[in-house]
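K.L.:
Next come the chains, spelled out residue by residue.
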Amino acid sequence: MHIVRDLLDKELIDVNWQHMGRIDGLVMEVRPDEQPRITTICVGGTVLTGRLPGFVGRWASALVRRFGARRGAPFRIPWSRVMRVDRVIRVDVNSDESGAMASSQWVRDHIIEHIPGA
Amino acid sequence: MKKLLQLTLGIVTSIGGFLEVGSIASSAQAGASFAYQLLWPIVLGTIVLIFLVEMSGRLAAVSKLTVSGAMRDRFGFDYFVVPLVTLSIVIYLVLAAEIGGAAFALQLVTGIGYRWWAVPVALLAWLLLWKGPFALVEQWVPMIGLVTLVFIVGALKLGPDWGAMVHGLVPTRPSHDKAHYWFLVVNILGATIAPYLMYFYSSGAVEGKWDGSYITINRFIAVLGMSFGGMLAAAVLVAAAQVFFPAGMKLDSYDQIALMLTGVLGSWGFYLFAASLFIGCLGAILEIALAVAYMTSQGLGWRWGQDEEPRRVPRFVLVYTALLVLAPWLIVLGVSPLKVTSLSMALTAATLPVAIIPFIVLMNDPVYAGKHTNGWIGNVVVVFTIVMACILAVVTIPLQLIGGG
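Respectively, the protein sequence lines represent chains X and G.
The numbering of the first sequence is the numbering used here, which starts it at 56 and goes up by one.
The numbering of the second sequence is the numbering used here, which starts it at 5 and goes up by one.
If we strip away everything but chain G, and leave its shape as in the complex, we get:
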């Protein structure tokens, strides 16, 4: 039973993959521009993420090492520094985007402009990390996160076209706006398969003192947790397809996205959308700030742990504190949150290869995975993901220029 409770770790990881501002924005844009045609990247992202998250948890359970720790161990400092530096740069934009999303949710409810909310949002996130144990992030975020189920209620009440949805599960070529179509594919995949999810999840497993007896439960957590998120992202797309696509609306600001559920759920729809956006983004902010602190500390050999007193792990605390001090300013300066979001998602896609390649080595090395090394299905998925990640990395910047905004 205690082990089953770790499902919350899967759900909070999943929120960071599917319900943060990048996923909500790209799913909504996809639904508005191409109806159900872009369901397939969400499904593809979910499957890939299930595999990668499962591997991260298995690695942690068998070796008691996190993904970042094992990367430094196995590949040395010269390699480790590449994902560390690229992630740190990209994550600054991702974090700014999430802060923008949470700030925008507050603007929706209060009418006070989002620029005023960026610093309070970052401060709230910092306070939760400074004062709260890991359980706060791991258990309370998913619990409050259940509000996001409103997307499924909304999507169902809108009476979706199930036949068209099934068609959307299979990749098809776009009939119009080719560049925008592929731009959204890359954004959806970039928003879903984020490396920080793996660093966070494996660190959570080590903080929860997982051992070999968690191998099976880890599989359930990965499948259920990621499917939960994938379903919600699909619901956002379906709702947007019902509401915006027939009207021929192209979403270019968050104000429009916010109206997604208003038609079918009235003012409740509006407030629940704001609540979902807020909790999804806040969850992602906590997860990202922790992930970077985990990665830096584990790779450089600093003491770390969200359950430790701050004065016992000073450099770990310093990393997330510095990040949250620096991140809100882009939003305060008035940079468009949606622009930051799509740029950060595209850049996340560009950094995927260096983050994923270690998996194929680590998960086949008995020193790290014990007798639980990857089977052939797992290896096929990782190789496929690496190839896909390399393609995404090459096309993402050009697509951002010609297909974005």
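The shape of chain X in the complex, shown without the other chains:
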């Protein structure tokens, strides 16, 4: 498996077959005398904006820290929750109840619900 080709930026599907974002970053653990292994999948927050080069990345990250859900901290999924790696990655997480959709829920509760006819 190639980490960048097969995992990074791919779509995440939750346990209920709902879209829950993309793999914006990965955390790896390197121990002496062992193969490096992936421990965590990160979704959103400064993990994504931090991938942009130079001042653009710093500026975007500052915005996300100020206005984003969880103050820019990414949503973390332990690698043990990964159920299947295909062109999409399915994980054993209920996205609607785990905080993964915090910014989506914020937009829904604070903006969309206030529009007449919602």
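To be clear, the hints were calculated from the coordinates, so they are not data collected in a lab.
Small disclaimer: the values here were computed from a predicted structure and weren't measured.
Be aware that a few hints might be false.
Facing chain X, according to a computed beta carbon distance under 8 Å, are these residues of chain G, among others [said to hold, decoys possible]:
#1 D77
#2 F81
#3 D82
#4 V85
#5 K135
#6 R307
#7 P314
#8 R315
#9 P318
#10 R319
#11 V321
Derived lysine-lysine pairs resembling DSS-like cross-links, with alpha carbons at most 27 Å apart [claimed, not checked]:
#12 K65/X - K213/G
#13 K135/G - K7/G
#14 K375/G - K65/X
#15 K68/G - K65/X
#16 K213/G - K375/G
If you want the ones that stay clear, here's a sample from chain G, every Cβ over 10 Å from chain X, calculated [stated by the list, open to error]:
#17 W44
#18 Q143
#19 V174
#20 K213
#21 T220
#22 V227
#23 S257
#24 V268
#25 I390
No residue lacks a Cβ here, since even glycine has one placed at the ideal position from N, Cα and C.
Fit chain G to the given chain X structure using the hints.
P.N.:
Then chain G, alone, in the frame of chain X:
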């Protein structure tokens, strides 16, 4: 039969490519200044668009991914963010231009100035997206859009010079106003080959749950849909060539363009022109607002879908809502709609390379295109388009300065 009905997706995409304000304005200006000599960019744009739209549909049918989704998948966030940001900036001007066009159509009919109509037009478009399912955009816009056939009726009734038209299909060097000639070439191509068409079309295909069985029908839809639009854009040019070129008129406002069909079709011509302009622009507004919402959501991994309830896809809805709230103000402030239009078309041309380059990779990668990867003809067309797009991107701003207005 159900599959054939998807032709409407092709037609609505085509309206956004050929019958929105940018295409109508640049075709009319081309006819007025150079008679039939600039038919070739319309034909070239149509051919290129047929290929690109076909590829977008094929990608969606095989991989169930949209062009934007596949771009993020294959090229990563660092690349995806470039077309996303450039498109978002340019699209603001394009959307303002379309709102200006629809508002101007209302001014023609009501006599009330276009600046007053910009906000109502944006609000109408937003309501249609907020309340309507995808089918509303996909089926009703093309149906009402048939009114634009009036351009073909008008062009034919004006008795065009068929011999000169055939000559116009081959690129020739201009005898006068070189800068203005190339400026119009770039504007026509920029108005026709717009990246948002591909994002919209592939998203429509995914919303329509296309699968591998749509590969053939997708080809028909691309060819018929884009040819329909190309023919209408050509008809606008031909009508303008008959009416304005002999009089030596240079079109510098929409008021003049509106008189295109009045001589031959009387007051009906005037009202049908206004109706065509309105529906073409409204269709483009819906298509653009959706395309940006699709692209952002698919690339960032947000839930999306025009057939979903708004509260299920809040960030998707937020994108098109914010766009339609922001877009009318340039027009309200009284910026000339025609100026905004030609600037936005030139900038669209400048952003083409980043949008087209991914096609050559995606459509040759079996992970995305399965066993339906591009043949050599398709690849030649994409490479040609990329080269052309790069040239357009370089020349468009200087031409805008020396050849525009």
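K.L.:
Now tell me if each hint is right for this structure.
P.N.:
Verification of the hints:
no., hint, result
1, D77, "6 Å, holds"
2, F81, "5 Å, holds"
3, D82, "6 Å, holds"
4, V85, "6 Å, holds"
5, K135, "7 Å, holds"
6, R307, "5 Å, holds"
7, P314, "6 Å, holds"
8, R315, "5 Å, holds"
9, P318, "4 Å, holds"
10, R319, "5 Å, holds"
11, V321, "6 Å, holds"
12, K65/X - K213/G, "20 Å, holds"
13, K135/G - K7/G, "25 Å, holds"
14, K375/G - K65/X, "21 Å, holds"
15, K68/G - K65/X, "14 Å, holds"
16, K213/G - K375/G, "19 Å, holds"
17, W44, "40 Å, holds"
18, Q143, "22 Å, holds"
19, V174, "45 Å, holds"
20, K213, "15 Å, holds"
21, T220, "24 Å, holds"
22, V227, "29 Å, holds"
23, S257, "37 Å, holds"
24, V268, "44 Å, holds"
25, I390, "23 Å, holds"
Against the hints set out earlier in the document, no violation occurs for any number.
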